[in-house]
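Protein chains in written order, with full-length UniProt numbering: chain A, 1 to 291; chain B, 1 to 291; chain C, 1 to 291; chain D, 1 to 291.
Read the hints as simulated data drawn from the structure, not as lab findings. Take the hints with a grain of salt, since some may be wrong.
You can't tell identical chains apart in this list, so a pair holds if it fits in one copy or across any two.
[To be verified] Heads up, simulated BS3-like pairs for lysine-lysine below, C-alpha to C-alpha not over 27 Å straight-line:
#1 K231 x K215
#2 K238 x K74
#3 K74 x K284
#4 K231 x K125
#5 K215 x K290
#6 K36 x K231
#7 K290 x K74
#8 K215 x K89
#9 K290 x K36
#10 K215 x K37
#11 K215 x K284
Remember, it's a predicted structure, so these values are computed and weren't measured experimentally.
Number of protein chains: 4
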Amino acid sequence: MKKQALGELFFVFDGGKNHKLLFNPAMAGSRFAYVKKFEVPDTLLPSTFMVLRLDGHSFHRFQSSFSDQHAFAKPNDSRALELMDRAAKTLMEEYRDIRLAIGESDEYSFLLHKSTALYNRRQSKIVSTLTSLFTSSYVLHWPTFFPDVPLQYPPSFDGRIVLYPSEQQVRDYFAWRQTDTHINNLYNTAFWALVLQGGQTTTEAHATLRGTVSKDKHEILFSRFGINYDKLEPRYRKGSIIVRVEETSVEAAELSGKQKSKAKTHTTLELLHCDIIRDDFWEKYSHILKD
Amino acid sequence: MKKQALGELFFVFDGGKNHKLLFNPAMAGSRFAYVKKFEVPDTLLPSTFMVLRLDGHSFHRFQSSFSDQHAFAKPNDSRALELMDRAAKTLMEEYRDIRLAIGESDEYSFLLHKSTALYNRRQSKIVSTLTSLFTSSYVLHWPTFFPDVPLQYPPSFDGRIVLYPSEQQVRDYFAWRQTDTHINNLYNTAFWALVLQGGQTTTEAHATLRGTVSKDKHEILFSRFGINYDKLEPRYRKGSIIVRVEETSVEAAELSGKQKSKAKTHTTLELLHCDIIRDDFWEKYSHILKD
Amino acid sequence: MKKQALGELFFVFDGGKNHKLLFNPAMAGSRFAYVKKFEVPDTLLPSTFMVLRLDGHSFHRFQSSFSDQHAFAKPNDSRALELMDRAAKTLMEEYRDIRLAIGESDEYSFLLHKSTALYNRRQSKIVSTLTSLFTSSYVLHWPTFFPDVPLQYPPSFDGRIVLYPSEQQVRDYFAWRQTDTHINNLYNTAFWALVLQGGQTTTEAHATLRGTVSKDKHEILFSRFGINYDKLEPRYRKGSIIVRVEETSVEAAELSGKQKSKAKTHTTLELLHCDIIRDDFWEKYSHILKD
Amino acid sequence: MKKQALGELFFVFDGGKNHKLLFNPAMAGSRFAYVKKFEVPDTLLPSTFMVLRLDGHSFHRFQSSFSDQHAFAKPNDSRALELMDRAAKTLMEEYRDIRLAIGESDEYSFLLHKSTALYNRRQSKIVSTLTSLFTSSYVLHWPTFFPDVPLQYPPSFDGRIVLYPSEQQVRDYFAWRQTDTHINNLYNTAFWALVLQGGQTTTEAHATLRGTVSKDKHEILFSRFGINYDKLEPRYRKGSIIVRVEETSVEAAELSGKQKSKAKTHTTLELLHCDIIRDDFWEKYSHILKD
Numbered sequence: 001m002k003k004q005a006l007g008e009l010f011f012v013f014d015g016g017k018n019h020k021l022l023f024n025p026a027m028a029g030s031r032f033a034y035v036k037k038f039e040v041p042d043t044l045l046p047s048t049f050m051v052l053r054l055d056g057h058s059f060h061r062f063q064s065s066f067s068d069q070h071a072f073a074k075p076n077d078s079r080a081l082e083l084m085d086r087a088a089k090t091l092m093e094e095y096r097d098i099r100l101a102i103g104e105s106d107e108y109s110f111l112l113h114k115s116t117a118l119y120n121r122r123q124s125k126i127v128s129t130l131t132s133l134f135t136s137s138y139v140l141h142w143p144t145f146f147p148d149v150p151l152q153y154p155p156s157f158d159g160r161i162v163l164y165p166s167e168q169q170v171r172d173y174f175a176w177r178q179t180d181t182h183i184n185n186l187y188n189t190a191f192w193a194l195v196l197q198g199g200q201t202t203t204e205a206h207a208t209l210r211g212t213v214s215k216d217k218h219e220i221l222f223s224r225f226g227i228n229y230d231k232l233e234p235r236y237r238k239g240s241i242i243v244r245v246e247e248t249s250v251e252a253a254e255l256s257g258k259q260k261s262k263a264k265t266h267t268t269l270e271l272l273h274c275d276i277i278r279d280d281f282w283e284k285y286s287h288i289l290k291d
Numbered sequence: 001m002k003k004q005a006l007g008e009l010f011f012v013f014d015g016g017k018n019h020k021l022l023f024n025p026a027m028a029g030s031r032f033a034y035v036k037k038f039e040v041p042d043t044l045l046p047s048t049f050m051v052l053r054l055d056g057h058s059f060h061r062f063q064s065s066f067s068d069q070h071a072f073a074k075p076n077d078s079r080a081l082e083l084m085d086r087a088a089k090t091l092m093e094e095y096r097d098i099r100l101a102i103g104e105s106d107e108y109s110f111l112l113h114k115s116t117a118l119y120n121r122r123q124s125k126i127v128s129t130l131t132s133l134f135t136s137s138y139v140l141h142w143p144t145f146f147p148d149v150p151l152q153y154p155p156s157f158d159g160r161i162v163l164y165p166s167e168q169q170v171r172d173y174f175a176w177r178q179t180d181t182h183i184n185n186l187y188n189t190a191f192w193a194l195v196l197q198g199g200q201t202t203t204e205a206h207a208t209l210r211g212t213v214s215k216d217k218h219e220i221l222f223s224r225f226g227i228n229y230d231k232l233e234p235r236y237r238k239g240s241i242i243v244r245v246e247e248t249s250v251e252a253a254e255l256s257g258k259q260k261s262k263a264k265t266h267t268t269l270e271l272l273h274c275d276i277i278r279d280d281f282w283e284k285y286s287h288i289l290k291d
Numbered sequence: 001m002k003k004q005a006l007g008e009l010f011f012v013f014d015g016g017k018n019h020k021l022l023f024n025p026a027m028a029g030s031r032f033a034y035v036k037k038f039e040v041p042d043t044l045l046p047s048t049f050m051v052l053r054l055d056g057h058s059f060h061r062f063q064s065s066f067s068d069q070h071a072f073a074k075p076n077d078s079r080a081l082e083l084m085d086r087a088a089k090t091l092m093e094e095y096r097d098i099r100l101a102i103g104e105s106d107e108y109s110f111l112l113h114k115s116t117a118l119y120n121r122r123q124s125k126i127v128s129t130l131t132s133l134f135t136s137s138y139v140l141h142w143p144t145f146f147p148d149v150p151l152q153y154p155p156s157f158d159g160r161i162v163l164y165p166s167e168q169q170v171r172d173y174f175a176w177r178q179t180d181t182h183i184n185n186l187y188n189t190a191f192w193a194l195v196l197q198g199g200q201t202t203t204e205a206h207a208t209l210r211g212t213v214s215k216d217k218h219e220i221l222f223s224r225f226g227i228n229y230d231k232l233e234p235r236y237r238k239g240s241i242i243v244r245v246e247e248t249s250v251e252a253a254e255l256s257g258k259q260k261s262k263a264k265t266h267t268t269l270e271l272l273h274c275d276i277i278r279d280d281f282w283e284k285y286s287h288i289l290k291d
Numbered sequence: 001m002k003k004q005a006l007g008e009l010f011f012v013f014d015g016g017k018n019h020k021l022l023f024n025p026a027m028a029g030s031r032f033a034y035v036k037k038f039e040v041p042d043t044l045l046p047s048t049f050m051v052l053r054l055d056g057h058s059f060h061r062f063q064s065s066f067s068d069q070h071a072f073a074k075p076n077d078s079r080a081l082e083l084m085d086r087a088a089k090t091l092m093e094e095y096r097d098i099r100l101a102i103g104e105s106d107e108y109s110f111l112l113h114k115s116t117a118l119y120n121r122r123q124s125k126i127v128s129t130l131t132s133l134f135t136s137s138y139v140l141h142w143p144t145f146f147p148d149v150p151l152q153y154p155p156s157f158d159g160r161i162v163l164y165p166s167e168q169q170v171r172d173y174f175a176w177r178q179t180d181t182h183i184n185n186l187y188n189t190a191f192w193a194l195v196l197q198g199g200q201t202t203t204e205a206h207a208t209l210r211g212t213v214s215k216d217k218h219e220i221l222f223s224r225f226g227i228n229y230d231k232l233e234p235r236y237r238k239g240s241i242i243v244r245v246e247e248t249s250v251e252a253a254e255l256s257g258k259q260k261s262k263a264k265t266h267t268t269l270e271l272l273h274c275d276i277i278r279d280d281f282w283e284k285y286s287h288i289l290k291d
């Protein structure tokens, strides 16, 4: 709860902490208030890009805890991925300083522009609040994406903020995550084809893939199972990318005889499953890194 | 998702990130992997008590967003408080290094013993994961406590960790929070009596209370409304305290002719609404601070 | 003393700490060695420029502690400034990652290129070692610059590192220090002209200058004392700038019939008293910020 | 230089930075002053003991750079150790919050009481200023201890602060350093006896000592060289310990007919070479850890 002076609603719902402290500064409370001095500052370096990465906590356990018929589909469960996207959108709707996000599996990364002054750049405050809201949205919207699978226990995420001084590093971070998506998905697709269609045990499937390079897996998929990897869902191959797109509209209005124009920024979120490594993306959405 | 080697379930649900990286170390991914070097360590000082304090984020807005007939009751809403307690218990069930907690209104504080090695004492990891789990449990169990009030948007919490070197400081921290509970609740009780029973506007009620000390509010409650403050629910006056109680039972078992005894520790959580400032509490539950 | 394995010289002068620990790992020492775990990491963000600023500690006391005839000259003491330059050069000779420095009065700032891996970017190590070496050189060379003024007690400096993500910020940092030099020197020059030549007391001189802007001070100096401020020593007006200039020479050598060429980089330090705010400087010495 | 308002001496020696900024807040300087925002706080946890450990930087090179006849004596050079003690005393004279110090070879550790508010517990400020003053004193007093050995280049030290929450850890820290002293000195004493008296090469001497335990080295020293290790200089075996001893004297004075008493604390520094591991020391000097 904010500790600043707040309007009356504050009293209705929050107990009027501050007013009380204001009225009775010499109360018993003050004897213990010294413990507040142990809160040391944790300001993040100004003018540096922040990437917040959230990661499912013990999700292998979480996902396997559902009964077989409801367990996450293999190698990808689109319901689970769409729920992640939903939670990511909640975060971007609430925090306008997030300009870009990328997600795969049970992780999501968010880019806060280097100019952000969110919570005065206090690390714990940012990392905890944003991780909390993501989690909250994930649980709240679970029934929409898994209508027949009640949550058996509360899933959680960990979060961390990494600082990047330059635009190139930010681009490379997102390229790193998308490359990771590709590597994992190609492996999993081949693995589950071997298991589900090829009849191998999971141990055999790992053994089959051991030592193979990318080209080999493409070949296994195509020659044995007739799967053209490059034709599979872009969502699985590229992950989810959410871009904030801002459109400025100039509205003219005549008010009491005077002509006034108000610039108003409309922000929309676009969900993409495109390449984020090549220049095209960064040229098209050049506003992401701009001041 | 853990990045360590995991068993087969890992592949089922998590995409086998590591195995893949292991198999193809020279892949495109490595060109971008340098961005991982920007993750600087954030280890918390060893052998120091950690207090994690969670606080509802914008809860005055959150709570007022429900329609009048469903809004949180005044001055205290026991459903909301019990939901907080439920989420706190989830955290303590999952993290055994939490030995004590105290909650009031929309905040909760948790004590991790100084000996904890949780997540190698990495600050972001601890603060984000625990805040996330608390939030998750809060949202998951919302319908149980508010069966007729669907959540309209995802509530969130912020978290911070404060380190305390000594036992006395830990005691004073908990005393500080309980004193705060008392101050707020006394004010709110008087305030809402003036409004709901006395017919004052909220502005008038604040004016009536301005400058009053503790004794004055007791007097207002008693003489005008017949309320003996000290007889009100301890839950409201003292807040919620959750203590981990550990019981060691020695079970004797005869196995293949040999007598064996196994010591087994059962841990239970006790929810209390008692005084935590005086020595009694700390003497009775002396194991909380013990090594 | 480095704790890594070292050659025999190590034993001669340092007592072979490591070898001993290696030989007798189970010795009594190990019982206490746990205290080493309290050394938490303090790594500075990679790929970010570091500016180390050193500042004389209590130099007003230090400088006034000498007898009148030996005290620092007013408004500038060139011996003191040259000694600062000497100490700065020692630092730049020893630490090649320092590419630029600026000094005025009793402070000096040093730029370490963002690529530096000095001491693995450990903050305490860098700030302490460099401040120590600067101090050491200052004291060692004192007699050269103040042959008739024995040091009466050990002067000291404090140091701090500030990180800058971008080249523009680095330029602005140096511009900030040079602007500061200008402001201080103009004030002091006018102040001491009023006192030493104009016969004012120091209180009167401050009063005379109160509320004046730059142009007023120029006017006072010129009309009352015939001093053209812009003709004064650049050292006083611009401060001291030290640039590392690197020259690569290709040496051809015939060795055993084979033609070999070795590129060798000679580094020299240039002491300047020029403008560092305008583009000219940064264009001429463009290698300072380059990778 | 302090940036606070200072008296007139400030102007004499420091250029009146602040006054000027005060007078002309809108000057050119302000355009660049934003760079100051990058100075993020580095406050150390309150109420925790600080140990500052200084360590000679590249001292094996430093010490070997003197010609043979002047090089540090082996296995111990009392002049070098006494110079270290002198520099340590300078630090303790200047900083009264240092209550205890221990030194060996080219390192020294200082204990600041947990209650210290020195420089508002800012890490860089403390570690840099104290390391600087130690270095300054070391260089300044060099000629006193090495009258015939001019310093050939400036020696430097690195510093670090380690925080300890409890008294026991502080005791163990000092025990750790003294155990280290013992281990190193015993090894070196045996090593140099083998080389200087036994005629072994340094390689042979290391080989002789490889695998030996403490008892073996005592035996080698006694049987081969007639050296009773326990009779050697305590300074070499125990290191240097400096304790601040405070004596409070109550002075009675009759002033204008009224009896007044003033308590005055005299502080003195005691240099010891005693055991710091056993309880005796900590009982005798119990004020070191007291509040």
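Which of the numbered hints are not met once you compare them with the structure shown?
3, 4, 5, 6, 7, 8, 10, 11
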